[in-house]
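J.: Chains as they are written, first to last, in this note's numbering: chain B, 124 to 285; chain A, 124 to 285.
Check before you lean on any hint, since a few could be wrong.
Said to hold, decoys possible - Covered by chain A, according to a simulated footprint, are these stretches of chain B (three or more residues, beta-carbon under 8 Å):
#: 1; segment: 167-174
#: 2; segment: 197-207
#: 3; segment: 241-252
#: 4; segment: 256-263
Source of the hints: derived by calculation from the structure; they are not laboratory data. Yeah, the Cβ is synthetic: ideal placement off N, Cα and C, and Gly gets one too.
Protein chains: 2
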Amino acid sequence: MSRTDRATDEAAVEAANTAFYEAMETGDFESLSALWLDDGATPITCVHPGWPVLTGRGEVLRSYALIMANTEYIQFFLTDLRISLAGDTALVTCTENILSGGPAEDGAELGPLVGQLVVATNVFRRTPAGWRIWSHHASPVLGDTEETGGPEDGPEASNPPA
Amino acid sequence: MSRTDRATDEAAVEAANTAFYEAMETGDFESLSALWLDDGATPITCVHPGWPVLTGRGEVLRSYALIMANTEYIQFFLTDLRISLAGDTALVTCTENILSGGPAEDGAELGPLVGQLVVATNVFRRTPAGWRIWSHHASPVLGDTEETGGPEDGPEASNPPA
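My request is simple: use the sequences and hints to build the entire structure.
T.: Written out as C-alpha cells, the structure is:
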C-alpha cells in the first residue's frame, strides 16, 4: 500500500468513525443502521459499556433503538483516536468523553447530565459502498492507571489502581 | 471461500484464541508475546477490563509482564465463543469466566480467589506463521441485562439495569 493510499484510507475510516458518533448524537437511527456492515457470513458484534456481547444486526440495532429512545441528549468528545489498517480491515481505538442525559421525570426538558469516560475499539471493513462497522466494543475506564501499570489485585481486574 | 476453507480457518482461529488464554493461565510470557502480531504499520491494541487503551507491542507486552508478576493463579472458562471471518481478519467474541488470585501477603501460598465476568472482542490477522492477535478488548459485565435490554440511565451507561 502506498503512503498516499494509506492516507486516503485513514481519512475515509476516520470519516466513517465520526459519522458513527454523529448518528448517535443526532439520534439518527437510519444513518446508524446504514453504517453497520450488512452481515451474513460475517456477523457484526457490539459491546456497550458494562454489557454482554450482542451479535448480529437484529440484536445490535435493537439495542441502539432502545438506547436512542432513552436518550434525550448525548455528546461525544473523541480523543486519542488511532487507526491501524491491514488490507480491507481497519481498527480504530479512541476515548469517548461522553456527556449525556436521559428524559426528565418531572416534566423538565432534560434529566441530569452525566459525564463518562469510555474507551472503544471499532473495527471497520471496506465494502463497495465504503467502510462499514463490523464490531464496536466500548468499556468504562474505571480509574487512573499509570501508563502501563498493572492491576494490584489480579490480571483481568475491573478496578485498576487509582 | 468454500465451506471447508471456512471451517479450517475457524478451527485455526479458535486454536489461536485458546492458546492466548492458555499462555495467560500458565504465565508463559514468551508464548503470549509470540501470539501477538508483529506490529509496525499495523499497531496492536489492548484494553484490559477497566483500563484505558494500550497501543503497540512495547506498551501491550509490558502490561502482560506486570499482570503475570501480580498473578499467582488464573483460570479462564470461555463460553459464548463466536467467530466472524472476513478475508485475512477474524473477529472472536467470548465470555471470560475468570477465577484468579494474587500473591498472598501473609506467607500463605495464594491470596483470596476472585471470580469475574468479562467479555472480550479479540481480532486476529492471518500471517504466514498463523493467526496472530491484532487487538484484545476485554471489559467487565456490570450487571444482568435482558437479551437486548437498554440501559435506563443513558446510552453508553456503565451500569445496565440489574
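J.: Now, for every hint given, state plainly whether the structure supports it.
T.: We went through each hint and held it up to the structure:
A count of 7 residues in the segment 167-174 of chain B with a Cβ less than 8 Å from any Cβ of chain A is obtained; the coverage claim is therefore met, three being the minimum. Note: the segment 197-207 of chain B has 4 residues with beta-carbon separation from chain A under 8 Å; the three-residue rule is met and the coverage holds. Using a Cβ-Cβ cut-off of 8 Å, 5 residues of the segment 241-252 of chain B lie near chain A, which meets the minimum of three, so the contact claim holds. Requiring three or more residues with a Cβ within less than 8 Å of a Cβ of chain A, the coverage given for the segment 256-263 of chain B holds, as 6 such residues are present.
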